[in-house]
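Trainee: Residue strings, one per chain:
Protein chains: 2
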Amino acid sequence: MAFTYLTNIPLEQARADYLARLIELGLSAKAETIATVEANHRVTAKAVYARISAPHYNACAMDGIALDASKTFGANEVNPVILEEADFTWVNTGDPLPSGCDSVVMVEDVIREGDSVKLFAAATPWQHVRQIGEDVAAGDMIIPSYEELTPPALGALLAAGVLEVEVIQKPLVAFIPTGNEIVSPKKHPEPGEIIEFNSTIFCGMVEDWGCRSKVYPIVPDNQIAIEAAIRQASAECDLVLLNAGSSAGARDYAIEAIGKVGEVVLHGIAIKPGKPTILANMMKCEQVVPLIGLPGYPVSGILVMEEIIKEVISLMTKRVYPADKTVEATSSRRLNSGLKYLEFIRARVGNVAGKRVAVALNRGAGVVSSFVKADGIVKIPQDLEGYEAGEQVEVQLLKSLEEIDRTLVITGSHDPLIDEVIDLMKHRYPADRVASSHVGSLGGILAVKRGEAHLGGVHLLDEDSGEYNLGYMRKYFTEGGVVLLSCVKRTQGLIVEKGNPRGVKGIEDLPGLNYVNRQKGSGTRILIDYMCKKHGIDTTAIKGYTREEFTHTAVAAAVAMGTADVGLGIYAASRIYDLDFIPVGEEQYDLLFLESALELAPAQHFLDVLKSTDLTIRLKAMGGYEMNNPGAVRKWN
Amino acid sequence: MAFTYLTNIPLEQARADYLARLIELGLSAKAETIATVEANHRVTAKAVYARISAPHYNACAMDGIALDASKTFGANEVNPVILEEADFTWVNTGDPLPSGCDSVVMVEDVIREGDSVKLFAAATPWQHVRQIGEDVAAGDMIIPSYEELTPPALGALLAAGVLEVEVIQKPLVAFIPTGNEIVSPKKHPEPGEIIEFNSTIFCGMVEDWGCRSKVYPIVPDNQIAIEAAIRQASAECDLVLLNAGSSAGARDYAIEAIGKVGEVVLHGIAIKPGKPTILANMMKCEQVVPLIGLPGYPVSGILVMEEIIKEVISLMTKRVYPADKTVEATSSRRLNSGLKYLEFIRARVGNVAGKRVAVALNRGAGVVSSFVKADGIVKIPQDLEGYEAGEQVEVQLLKSLEEIDRTLVITGSHDPLIDEVIDLMKHRYPADRVASSHVGSLGGILAVKRGEAHLGGVHLLDEDSGEYNLGYMRKYFTEGGVVLLSCVKRTQGLIVEKGNPRGVKGIEDLPGLNYVNRQKGSGTRILIDYMCKKHGIDTTAIKGYTREEFTHTAVAAAVAMGTADVGLGIYAASRIYDLDFIPVGEEQYDLLFLESALELAPAQHFLDVLKSTDLTIRLKAMGGYEMNNPGAVRKWN
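Order-wise, the sequence lines are chains B and E.
Letter by letter, the first sequence follows residues 1 to 637 in our numbering.
Letter by letter, the second sequence follows residues 638 to 1274 in our numbering.
Don't take every hint at face value.
[Unchecked claim] Distance condition first, Cα-Cα at most 27 Å in a straight line; then the derived BS3-like pairs of lysine-lysine:
#1 E:Lys1036 to B:Lys46
#2 E:Lys683 to B:Lys187
#3 B:Lys399 to E:Lys947
#4 B:Lys325 to E:Lys1036
#5 B:Lys520 to E:Lys708
#6 E:Lys962 to E:Lys977
Hints were generated in silico from the structure; no laboratory data involved.
Using the sequences and the hints, build the whole thing.
Mentor: Here you go:
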């Protein structure tokens, strides 16, 4: 295998070069004729003209009498006109206008006198008549090429006698998963088995863009097998996505395989994540098939799909996808970036007291859940080393600004009860939107203080007073502006393997064990630091004390997997993994609200749910909680 | 049949009363469990928790060596660390972290020395390791209830071992078309046959809202048959739409039929169009089925669906549909409205030179094509008599503001060549948006003058000079600000029945014939007025001279249907209907551009297409046109 090097071509250029090459090779859309009734949201392949007029006859538009208007001329309140039976016809809405008639008088305005009628007003010609072609005249262009058909447009087509319509065929996109370690989704994968979920993500994306998709069986890391898969897929489909092995490592066969069957336009784009991308094509008969080697990490692949492949697909679907919307926001932290790449950073965006703040999410290319949480993407240009905290950044929105602006932003200590409150809010107040991030108690205090969050959970022990939270309020909020609300008492404890094989009894046993810690600034970290100090334990002697997880569940997961012997966390987390739990104390978990946020409807709804029986029942089931006068104001100054 | 009266209940109250009654009767969503890979854009029925962590094992995040970081402590450029074979393991990305290791060093940073390796930097614990739960930790809530699943969310679920997911079932909506005069779409309907296209519109709408739909056979105007259809549909579906016969006329059976099988909540809403609406329900077992009698006119039905039924469906789908976006615009004309109803007026919205203008479209409740053209809806409150021309009105948008703001607005004389230019633009410049309305040449001049359009087609004969357009420029644009561009010469003529059975030779034959005219202010009307004057014809003696159509094709349609003997129009229109054409003169059709609009990209694209061979070919095929130095500036001052 020849060793290949990745190029580092700027995104704009990579996209332009690739599109130019595909256009040069004749990439275009195909058409098909389908029944109009089946064409909702399809795109017209050519202009559609009315075959017949709509209405196709002069139709009475009211129940009443049809007549020749000239026979009523001169009629008024004082001098009514009387029409004999031969001079009018009773009609219903939709009836054809009888011959010799040019107007309709509503039944409400007709006075019957035997077989005659009396009218107190003159009719004007063509009144209450839907004239031929009122809606569409035969021969008129109803809709031009390359327009998406909406339900009313379908109605107009049918009314105009267009029963079939030529639309753009939905391109069929092939997805070929590759890799020896890749397995189909399963409930109990073995270590080293990587669950293949990229096909679901990428096929979902191309379907959203108006394509159909076909997922091929997983291909092992073998160049010949990959070549064969590409040949089959390109014969059957209009565009081929190969995933992954697109880099230049020892087990990356995509570039050789693609090079063998097609033409590589480029390999390696100056973006992060997403660099190991292959943009290529192959010909089948006279037709070009775009062929893309996507990076294996889902986040990388999503970005490459959005930034490049969407435009390729636009050429094949003739759809113009809405332009990205961007918004200015204040970056909550410093965002470092290398000068080698254009970097994409997923971010949560919140509007707190009128200020839009972007909070960067986990940058890991494997962290697909960050796309579930993200409201937008901050792009750091290739020639920039990043942004300072507090600097204005441009965020490309993934959600509507309207949604973002009404979202309740929760930033603080992680506790599953917050998720349960959010879930219950969805039931009671379906229109509410809540976004929550876990940054620890101190992080929450700072977020609220800086106006980046409406509220946050806090459980911070004041070492001197032994009291929770109040001391920190006095320290951080000398100016006020916030309200501390009581929430729950919860039990913290040492989470250990089922059966407690190492016989852990308490904090004093930690030295010698493999510990998994929480991040600095979290209440749980402050608690363990305090307890170790109280027990006179040198924490540098505890193996793994510097290993930091961001949630209780992540700590429990580490213990469950055996990569740590013990960690401090809440009871609920230990239960999820069926682990043993050695209580070491009870703490006060409170909610810190920005005072101005309390007036917001979703904040009121949050408190409403917090005080509800539904939540009490859920927390009881989870265990380790005691409701502690939830929502009551805790005075601290 | 008992005669019933329609109530006139305000929209807000009607909606609130109906929703309250349905909620009281227990209307809610149903759940179903489906494969996660099939769940794109479905809505969760309950919170989804991770079954396993993602990643589910500590995974190497780089190709390189795995090791115990503590063995590298102290290594630097000057004092490298050498590790023997037993102290490290070669790994590929995705491999499980070998036991005893806590970090990975990238292959690029590893210097091989035989079987040993040399490192010039210390590793930090957990570097280049994707720790268990980095993405999601088992037990974490990944997504709460009632959230729409996106492709990345599906990826997160699969990664977390969630292979099936409980989602809201798509409600099945029944559509029952009724009416003796209703027929399935056909190419050659007879007069009096009304084409049933409402099912396609309304089913398309409910599918867009996340439902499935089922269309039942057309039911005749017969109360027993309608009752039977409702019973069957409600047994099989979750919501029933009955269309139409919802008013109180002699042939309107919906209210009796619905009253017999269910409970009528109200009949008659104070909206226009849309008043004859029935909001009802019936029970099957313990389950309530909403039952709606929709008005027959498509525009009325669409408005009732949007304003009321969408909210009913929201309760059944647990989807929160995006809030309506509104924008302020200047109304181009006076909009009259009665005090009895809240009135909905479809409008085109354009942004011309920074000013947003709303132009009301045809108000006819049967004009479904107006929804194809409409950018928004102006609501005139029940207690208002309307808006003055030039008044600011609030427009509820049907298209995105971004699209509206970049749309090229064409208002003026109707000529099919404009549609052909738009179609060709779609091919060359797919992202361009163009909106065109037909208001006649004088209407176009006024629209451009008032800043409501970027351009318009004009063909206005100056009776004194016999010259086209220039005189009108001098009269209307003393201040300049516009540019007149040459376009085509086209032939106007008398359109008569095939074979010219009445032997029409020219204008002099019009008296005694049944004429169909164009609207005042159109160039064609001015031409016929001028010609009649020249021939000394008294136009009041011409029957039908006051009957006004807005396009050439509508005039030809009237002749084709035999409701008129003759009309003046262009050759292309006569050809569509295979009619005879007696040329009476050639005229100059020009394009009047707002000077500032000429700089806009779509305006340049428009001119580009205007000068293209593609357009020349199309116009030649249509006949009656001669390209006349298209795009050349015609000086007029």
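Trainee: Starting from B:Lys399, check that the Cα of E:Lys947 is at most 27 Å away, please.
Mentor: Distance of about 22 Å is within 27 Å: holds.
Trainee: Below or equal to 27 Å on CA atoms is what counts here, so check E:Lys1036 against B:Lys46.
Mentor: Since the Cα atoms of E:Lys1036 and B:Lys46 sit roughly 22 Å apart, the hinted pair holds (cutoff 27 Å).
Trainee: Mind checking the alpha carbons of E:Lys962 and E:Lys977 for me, to see if they're no more than 27 Å apart?
Mentor: 26 Å, holds
Trainee: Please verify whether B:Lys520 and E:Lys708 have alpha carbons no more than 27 Å apart.
Mentor: Satisfied, since the Cα-Cα distance of roughly 25 Å is no more than 27 Å.
Trainee: Given the hint that E:Lys683 pairs with B:Lys187, does the C-alpha gap stay at or below 27 Å?
Mentor: 20 Å, holds
Trainee: If you draw a straight line from the CA of B:Lys325 to the CA of E:Lys1036, is it 27 Å or shorter?
Mentor: 15 Å, holds
Hint compliance for this structure: no hint is broken.
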